[in-house]
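Protein chains: 2
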Amino acid sequence: MKKSLGGRPLLFPTPVLVIGTYDADGKPNVAAVSWGGICSSDPPCVAISLRRVTHTYANIVAQKAFTVNLPSHDQVKVADYFGLISGKSVDKLAKAKMTPVKSTLVAAPYVKEFPLVLECRLRHTVEIGLHVQFIGEILDVKADEAVLNPNGLPDIKKVNPLIFDPATHSYFNVGMFVADAFSVGESLR
Amino acid sequence: MKKSLGGRPLLFPTPVLVIGTYDADGKPNVAAVSWGGICSSDPPCVAISLRRVTHTYANIVAQKAFTVNLPSHDQVKVADYFGLISGKSVDKLAKAKMTPVKSTLVAAPYVKEFPLVLECRLRHTVEIGLHVQFIGEILDVKADEAVLNPNGLPDIKKVNPLIFDPATHSYFNVGMFVADAFSVGESLR
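Sequence order for the protein chains is Z and W. Per this note's numbering, the first sequence starts with residue 77, numbered consecutively. Per this note's numbering, the second sequence starts with residue 77, numbered consecutively.
Hint data in this document are derived by calculation from the structure and do not stem from the laboratory. Certain hints may be false.
[To be verified] If we take Cβ atoms under 8 Å as the criterion, some of the chain W residues that face chain Z in the derived model are:
#: 1; residue: Lys78
#: 2; residue: Lys153
#: 3; residue: Val154
#: 4; residue: Ala172
#: 5; residue: Phe240
[Stated by the list, open to error] Restraint ranges, calculated between C-beta atoms of paired labels, are given here:
#: 6; chain 1: Z; residue 1: Glu262; chain 2: W; residue 2: Glu189; range: 42 to 48 Å
#: 7; chain 1: W; residue 1: Asn225; chain 2: Z; residue 2: Leu181; range: 39 to 45 Å
#: 8; chain 1: Z; residue 1: Asp99; chain 2: W; residue 2: Ser162; range: 27 to 33 Å
#: 9; chain 1: Z; residue 1: Ala255; chain 2: W; residue 2: Arg127; range: 20 to 26 Å
#: 10; chain 1: W; residue 1: Asp101; chain 2: Z; residue 2: Gly102; range: 53 to 59 Å
#: 11; chain 1: W; residue 1: Ser162; chain 2: Z; residue 2: Gly228; range: 27 to 33 Å
#: 12; chain 1: W; residue 1: Thr180; chain 2: Z; residue 2: Ser263; range: 49 to 55 Å
#: 13; chain 1: Z; residue 1: Ala255; chain 2: W; residue 2: Lys79; range: 46 to 52 Å
#: 14; chain 1: Z; residue 1: Lys178; chain 2: W; residue 2: Gly205; range: 26 to 32 Å
#: 15; chain 1: Z; residue 1: Gly228; chain 2: W; residue 2: Pro226; range: 41 to 47 Å
The beta carbon of each residue, even a glycine, is placed where N, CA and C say it ideally should be.
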């Protein structure tokens, strides 16, 4: 018998994504969000949700572009700070001594110090409720060489991304390899 | 200098979600997906993406409802099997000896043996490309008593959910507590 907990935004895991944008004057901003995820393979797309009151919301509406940056485990203090306050009156990047890099593909900056970034062009805007969902086409994935595996793809343990736990409002990291996908279940076929 | 990897659907972490649906005849089906996540706090909503060819896609279109079930680490074989084949010709639940339970809130079944489930009513359908995104309002979250923390909310380490790594097509589990959110970054303010 399962216990009913009511309707609430709860899922494990949710990611820790730092969204990079420019405002109308070209000033870079970053904000941390956990409501998001991949939503399409072809074209490759990622969805993120923002409240209308945020600086990032206004920036995406204006520029029709954003980056999704994945902080590493040891950058948790900076990632959390990027979710604590609004960039309307503070230069969060300067305060955290992080470096915005202008994307050559979209009108948005990514963060040099984060190991993995997605450069996205806005494709869809979905009005849901408190949050508006922005769906961006991933035009490029950029990664630090140090986090690549021998096949040239990002190694999840080297990126060492953060996980947000919406039940206790805390961060976790990625644990151990469990099994190969599209393989371990073959025995049940 | 970051290395360009091209546009691809890559993000860490992505979840392992088992979607429960009924077909037009009321036959239960389950399918594993990793393209999804929370997309709104109020109303609480979750987004999942499906290809049009899938049985689950047709079921959600017909019933306008679905459940999102979170398998635990030790249920990886079943979760992977639910993503390997279509439910059009096979009763995956029976084959895996798992039990569908009819939701009293929506026209969809959840899986008794999975520790955490969300019961969702379809609110939005977004045509993206290969995938169609379904946004469901989370009418209730149901959890096994054994996975609750002292505050009555699901404990991420007790649920022990799976993580999908889209770079290597493998599963990981959740690791260690890193820090409290909306707190550890205060020192940078």
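Inset, instruction - Identify whether the interface hint at phenylalanine 240 of chain W stands, where standing means a beta carbon of chain Z within less than 8 Å of its own. - result: holds, 6 Å
Inset, instruction - Confirm or reject the claim that threonine 180 of chain W and serine 263 of chain Z have a C-beta distance inside 49 to 55 Å. - result: Check failed, 34 Å falls outside 49 to 55 Å.
Inset, instruction - With respect to the beta-carbon atoms only, verify the hint that glycine 228 of chain Z and proline 226 of chain W lie 41 to 47 Å apart. - result: Taking Cβ atoms as reference, glycine 228 of chain Z and proline 226 of chain W lie about 46 Å apart, which means the hint holds.
Inset, instruction - Note whether the CB distance of glutamate 262 of chain Z and glutamate 189 of chain W lies within 42 to 48 Å or breaks it. - result: violated, 20 Å
Legend entry - Outcome of range test on Cβ distance (aspartate 99 of chain Z, serine 162 of chain W; 27 to 33 Å): violated, 47 Å
Inset, instruction - Note whether the CB distance of serine 162 of chain W and glycine 228 of chain Z lies within 27 to 33 Å or breaks it. - result: holds, 32 Å
Legend entry - Hint status (Cβ of valine 154 of chain W to nearest Cβ of chain Z, threshold 8 Å): Because about 7 Å separates valine 154 of chain W from the closest Cβ in chain Z, which is inside the 8 Å limit, the hint holds.
Inset, instruction - Using the Cβ atoms, figure out if asparagine 225 of chain W sits within 39 to 45 Å of leucine 181 of chain Z. - result: At roughly 43 Å between Cβ atoms, leucine 181 of chain Z and asparagine 225 of chain W fall inside 39 to 45 Å, so the hint holds.
Inset, instruction - Would you settle whether the hint for alanine 172 of chain W is holds or violated, based on the nearest Cβ-Cβ distance to chain Z being less than 8 Å? - result: This hint holds: alanine 172 of chain W lies near chain Z, its Cβ roughly 6 Å from the closest one there, short of 8 Å.
Inset, instruction - Evaluate the given range 20 to 26 Å for the C-beta pair formed by alanine 255 of chain Z and arginine 127 of chain W. - result: holds, 23 Å
Inset, instruction - Starting from the hint 46 to 52 Å, judge whether the C-beta atoms of alanine 255 of chain Z and lysine 79 of chain W obey it. - result: violated, 28 Å
Inset, instruction - Under 8 Å, Cβ to Cβ, is where lysine 78 of chain W needs to be relative to chain Z, so tell me if that hint holds or is violated. - result: At about 4 Å, which falls below the 8 Å cut-off, the nearest Cβ of chain Z leaves the hint on lysine 78 of chain W intact, so it holds.
Hints 6, 8, 12, 13, counting from the list given before, are not met by this structure.
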